[in-house]
Amino acid sequence: MLRLIKWLVILLLTALAALFFWGYAPDTDAAQMESKYSSAASRFAQLEPGLRVHYRDEGKSDGPALVLIHGSNASLHTWEPWVKILGKDYRVISLDLPGHGLTGNNPAGVYDNASYVNVVDRLLTKLNVDKAVIGGNSMGGGMSWLYALEHPEKVEALLLVDASGQPSAKSGKLPLGFRLMRMPVIKEAARFIAPRSIFESSVKTSMSVQSKIDDKLIDRYWELNRYPGNREATMQRFASPRNMTAGTKERLSAIQVPVLILWGAEDNLIPVTSAKWFAEALPQAKMIIYPNVGHIPMEEIPEKSGNDVKIWLDDVVAKTPKV
0 MLRLIKWLVI LLLTALAALF FWGYAPDTDA AQMESKYSSA ASRFAQLEPG LRVHYRDEGK
60 SDGPALVLIH GSNASLHTWE PWVKILGKDY RVISLDLPGH GLTGNNPAGV YDNASYVNVV
120 DRLLTKLNVD KAVIGGNSMG GGMSWLYALE HPEKVEALLL VDASGQPSAK SGKLPLGFRL
180 MRMPVIKEAA RFIAPRSIFE SSVKTSMSVQ SKIDDKLIDR YWELNRYPGN REATMQRFAS
240 PRNMTAGTKE RLSAIQVPVL ILWGAEDNLI PVTSAKWFAE ALPQAKMIIY PNVGHIPMEE
300 IPEKSGNDVK IWLDDVVAKT PKV
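Each residue of the sequence shown is one higher than the last, beginning at 0 in numbering that gives the first Met the number 0.
Think of the hints as simulated: they come from the structure by calculation, not from any bench. Misleading hints may appear alongside valid ones.
[To be verified] Distance windows between CB atoms, simulated:
no. : residue 1 : residue 2 : range
1   : Ser-252   : Asp-111   : 35 to 45 angstroms
2   : Ser-252   : Gln-31    : 27 to 37 angstroms
3   : Glu-279   : Ala-39    : 35 to 45 angstroms
4   : Lys-203   : Pro-227   : 20 to 30 angstroms
On a predicted model such as this, the values are computed, not experimentally measured, just so you know. Heads up, the beta-carbon is just placed ideally off N, CA and C, and yes, glycines get one too.
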């Protein structure tokens, strides 16, 4: 019996050693990441001691403001294709939420709905934005409609792109990285183990338009996930209840502004049925479903989705009473 236990321990230690050899990945260097992934438009807002938020304020400086919020484990870079399309007529503000991109950790250690909505609001206050169109993808879509409920006087219109919110929405083929982060023992290893292959698999599961996936895109997700503080933040978020942004139709019916719902028909993370759920819940909703597109339309079909947003925004602006 003792010999069996001994061999089991040896096998376990060998497996752990092999796992670390295969996938050990330390945090990336913050300075190198900022040099690689910031742009001429990048700014850092000190919202409180230790909380420095990376954001970009681009496009037409005196145009109507559009605020874009990325999804879980993404960054503001996901909106870059849209900025090129919409920035000619609109002021486009994007940001890295705490625990994402080049923002890194929140010194308060909080990554819940209230804290994210508060960060968005404080950034807009700092930028003197009194009213804007608020939009987001996935978790960022959930933050967008939550912001509209918390600050209705500051929201001109709402843009939901494959947004979280429908209670108990059943995902299809959940990306490998998301599945691993929900395994009690395995997820603890995420502090040290982050093989690039997991991020490649997750991106390929999230995006149906595979031609848009290249090494540069995969590296961005992989490297920014390992920006100091981001992995610990991810672990804390995934330890929270799964329906982090769950709403009800009754609650959403209070949003009385124009809403555009964009959705990929092949979304593996949040099913396309959620788009219809939102459309039924929101009084002024318009819905567009994209065939053969996954969870990230702004990266998969940037021209088509970006132009659809522009047509809608132009209409919203035209109907907005001039002060």
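Discussion item. Going through the numbered hints above, which ones does this structure break? Give me the numbers in ascending order.
Written reply: 1, 2
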